[in-house]
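K.L.:
In order, the protein sequence lines correspond to chains A and B.
Just so you know, we're using my numbering here: the first sequence kicks off at 1 and counts up by one.
Just so you know, we're using my numbering here: the second sequence kicks off at 1 and counts up by one.
Honestly, the hints are just simulated from the structure, not real lab data.
Backbone N, C-alpha and C fix where the C-beta goes; we use that ideal spot for every residue, glycine too.
Among the hints, a few may not be true.
Only pairs whose alpha carbons sit at most 25 Å apart, straight line, appear in this in silico SDA-like list of lysine to any residue [what the hints assert, rightly or not]:
1. A:K26 to B:A21
2. A:K80 to A:H49
3. A:K26 to B:H63
4. A:K26 to B:G69
5. A:K51 to A:E101
6. A:K69 to A:D157
7. A:K26 to B:K65
8. A:K122 to A:D65
9. A:K80 to B:V53
Over 10 Å on every C-beta distance to chain B, these chain A residues come out as not near it, computed from the model [as the list claims (entries may be wrong)]:
10. V71
11. L85
12. L191
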Amino acid sequence: MFARLCTLALCLTLAAQARAHPVPFKDALSVMTWNQPFFNETMLAYSFHRKAAIAAQYMRMDMADGEMKVVTPQLNFLAKRWNELDSQANVYFIGGGGTYEFDRVTRTTALGGVEADWESRKYYVSSKLTGLWPNGDDNTYVQTYRAGIAAYPSEFDEISAWLILDVQHINRRERELTVTPVMRLFYRNVLTEIGASFTGDFMLNFMIHL
Amino acid sequence: MKKLFLLSFVLFVTTASAALAETVDITVKGMVCSFCAQGLDKKFRAEPAVADVTVALKEKNIHLKLKDGATLADAAIEKLVKDAGYNVHAIRRN
Chain A
1 MFARLCTLAL CLTLAAQARA HPVPFKDALS VMTWNQPFFN ETMLAYSFHR
51 KAAIAAQYMR MDMADGEMKV VTPQLNFLAK RWNELDSQAN VYFIGGGGTY
101 EFDRVTRTTA LGGVEADWES RKYYVSSKLT GLWPNGDDNT YVQTYRAGIA
151 AYPSEFDEIS AWLILDVQHI NRRERELTVT PVMRLFYRNV LTEIGASFTG
201 DFMLNFMIHL
Chain B
1 MKKLFLLSFV LFVTTASAAL AETVDITVKG MVCSFCAQGL DKKFRAEPAV
51 ADVTVALKEK NIHLKLKDGA TLADAAIEKL VKDAGYNVHA IRRN
């Protein structure tokens with residue numbers, strides 16, 4: 001399953017704006033929160049350079065054998081961007097370390113990730129792989145793959161609507177794979193997403209660039 | 001003669017003010033998403049030389065209206081676009 005998902009990721013063009021750019025424009029402050037019943041992630045990021053942002057992240061996951069909580073400061077780095085007239089593609093790397101709490105035991109952990117995306121005004125694909133390597137506990141890998149299509153070609157001052165299929169795999173969950181159709185809406189600097197998985201789990205995401 | 005003088009004056013003022021208020025059109029590469037392009041709008045609006053900004057995703061264009069007598073060099077425009085995460089394809093001045 002892991003190998004197949006990795007292949008899918010490469011076909012989709014590597015990993016990460018699946019959710020949002022981890023490095024927004026220079027001097028931007030971003031607040032992002034991604035929520036499912038079994039997964040919560042909140043990130044505050046500041047782009048001190050057009051290619052790098054410092055961030056603080058909180059992550060909570062329900063695993064097969066308990067609840068995990070992670071708090072990490074991290075560095076998001078834009079490794080490569082391809083700006084074309086009708087499209088943009090990006091590759092990001094993420095690295096950090098912090099605290100990892102599982103089964104009421106707190107440990108230190110390293111965090112790493114790679115993200116890639118490609119988008120035009122009509123289509124969007126992305127993938128993201130995040131790994132957690134806690135000291136003295138099992139590793140956790142979260143993979144997210146996305147493909148989307150714009151409901152209509154929107155202009156700068158209009159509400160944009162996208163239909164997205166989100167495929168998420170978490171290796172330590174009882175049900176490892178979650179497939180969620182998502183409606184993404186954004187207007188100016190505010191983005192929101194709402195969806196429900198085929199197994200009935202909601203998804204509610206929010207992001208703002210300041 | 002008086003009418004001719006007045007007409008000349010009006011033409012002079014109109015031409016002079018048009019010459020003072022420069023407009024700039026920038027074709028931008030990679031500008032495909034309005035959420036991400038907010039940075040461009042924000043950065044150009046923060047420029048003291050800029051009076052107004054209009055972003056058109058379909059045309060991949062940013063239209064700048066500069067303040068009377070103000071200028072904005074190509075190098076400054078390219079830096080602002082780059083800081084916002086994009087690349088300049090062309091700059092046209094009117």
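K.L.:
Work down the list of hints and note, for each, if the structure agrees.
P.N.:
Status of each hint after checking the structure:
Between K26 (chain A) and A21 (chain B) the alpha-carbon distance is near 29 Å, which puts this suggested pair outside the 25 Å criterion. About 14 Å separates the Cα atoms of K80 (chain A) and H49 (chain A), which keeps this hinted pair within 25 Å; it holds. A hinted pair counts as satisfied when its Cα atoms are at most 25 Å apart, and K26 (chain A) with H63 (chain B) qualifies at roughly 21 Å. Annotation: proposed proximity of K26 (chain A) to G69 (chain B) is violated, straight-line Cα distance about 28 Å (limit 25 Å).
For the given pair, K51 (chain A) sits about 31 Å from E101 (chain A) by alpha-carbon distance, which is inconsistent with the 25 Å threshold. Using a Cα cut-off of 25 Å, the hinted pair K69 (chain A) and D157 (chain A) is violated, with the two alpha carbons roughly 39 Å apart. A distance of roughly 23 Å separates the Cα atoms of K26 (chain A) and K65 (chain B); the hinted pair therefore holds under the 25 Å criterion. With a C-alpha separation of about 41 Å, the suggested pair K122 (chain A) and D65 (chain A) falls outside the 25 Å cut-off, and the hint is violated.
Distance hint between K80 (chain A) and V53 (chain B) is unfulfilled; the C-alpha atoms sit about 28 Å from each other, more than 25 Å. Every beta carbon of chain B lies more than 10 Å from that of V71 (chain A), the smallest distance being close to 27 Å; the non-interface claim holds. Annotated as non-interface, L85 (chain A) brings its C-beta within 10 Å of a C-beta of chain B; the closest such distance is 5 Å. A cut-off of 10 Å between C-beta atoms contradicts the statement that L191 (chain A) is not in contact with chain B; the least separation is 5 Å.
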